[in-house]
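Remember, my numbering sits 38 above the position in the sequence shown when you count from 1.
Honestly, I wouldn't trust all of these hints.
[Said to hold, decoys possible] Here are the simulated DSS-like pairs of lysine-lysine, each with C-alpha atoms no more than 30 Å apart in a straight line:
id, residue 1, residue 2
1, K144, K174
2, K95, K57
3, K95, K43
4, K100, K66
[To be verified] Restraint ranges, calculated between C-beta atoms of paired labels, are given here:
id, residue 1, residue 2, range
5, Y186, K66, 41 to 49 Å
6, Y186, G146, 14 to 22 Å
7, N61, R138, 31 to 39 Å
8, M39, E88, 27 to 35 Å
9, D41, K174, 35 to 43 Å
It should be emphasised that the hints constitute simulated quantities derived from the structure, not laboratory data.
We put the beta carbon where it would ideally sit given N, CA and C, even for glycine.
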Amino acid sequence: MADLKAYLVESFAEITPIKLALNLCSHKNLGKKYHSNALFAFAKTGQYTELKSIFEKYPELKGAENETELNILSIAYFEAKNHRYDIEDDFDILFDRALRLDRKIKSGAAVLQDAVLFNLGLAEYHNRERKERCRKAIKNNSIKKEFYEHQR
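With the hints as extra help, turn the sequences into a complete structure.
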């Protein structure tokens, strides 16, 4: 049932403004734990600047150690760069925050820090120096290998 609820929130967030999707999460049958699903769907559209302002307006969405915010922003940053949207160059800010993440925090099967660095490195595909900084900072060898394979 939880997977269906997550799918509902993500699907709704893909076709509506993010504020409406976040309001949907306040329904008694859903809850705050589905906020990340709404934010993830919005991040996949590359709306980096809008997500930054959402996190400023709703700081409770950031997560205990701001890990949710950083993960979502790294995805949105990658998507925005991939679609060549005009966004602020926040690479150094995001990179420094990624390095300060606790390596015990997971993102699926991977360590969140490596996942964020992976996204940032892919976002900076045309900037060799930044791409190399991300590759060197990734600790997991299989993620490094996957990162290298994406560069071909």
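Verification of the supplied hints:
no. : hint                      : in the structure
1   : K144 <-> K174             : holds (19 Å)
2   : K95 <-> K57               : holds (11 Å)
3   : K95 <-> K43               : holds (25 Å)
4   : K100 <-> K66              : holds (21 Å)
5   : Y186 <-> K66: 41 to 49 Å  : holds (47 Å)
6   : Y186 <-> G146: 14 to 22 Å : holds (20 Å)
7   : N61 <-> R138: 31 to 39 Å  : holds (32 Å)
8   : M39 <-> E88: 27 to 35 Å   : holds (30 Å)
9   : D41 <-> K174: 35 to 43 Å  : holds (36 Å)
The earlier numbered hints are all upheld by this structure, with none contradicted.
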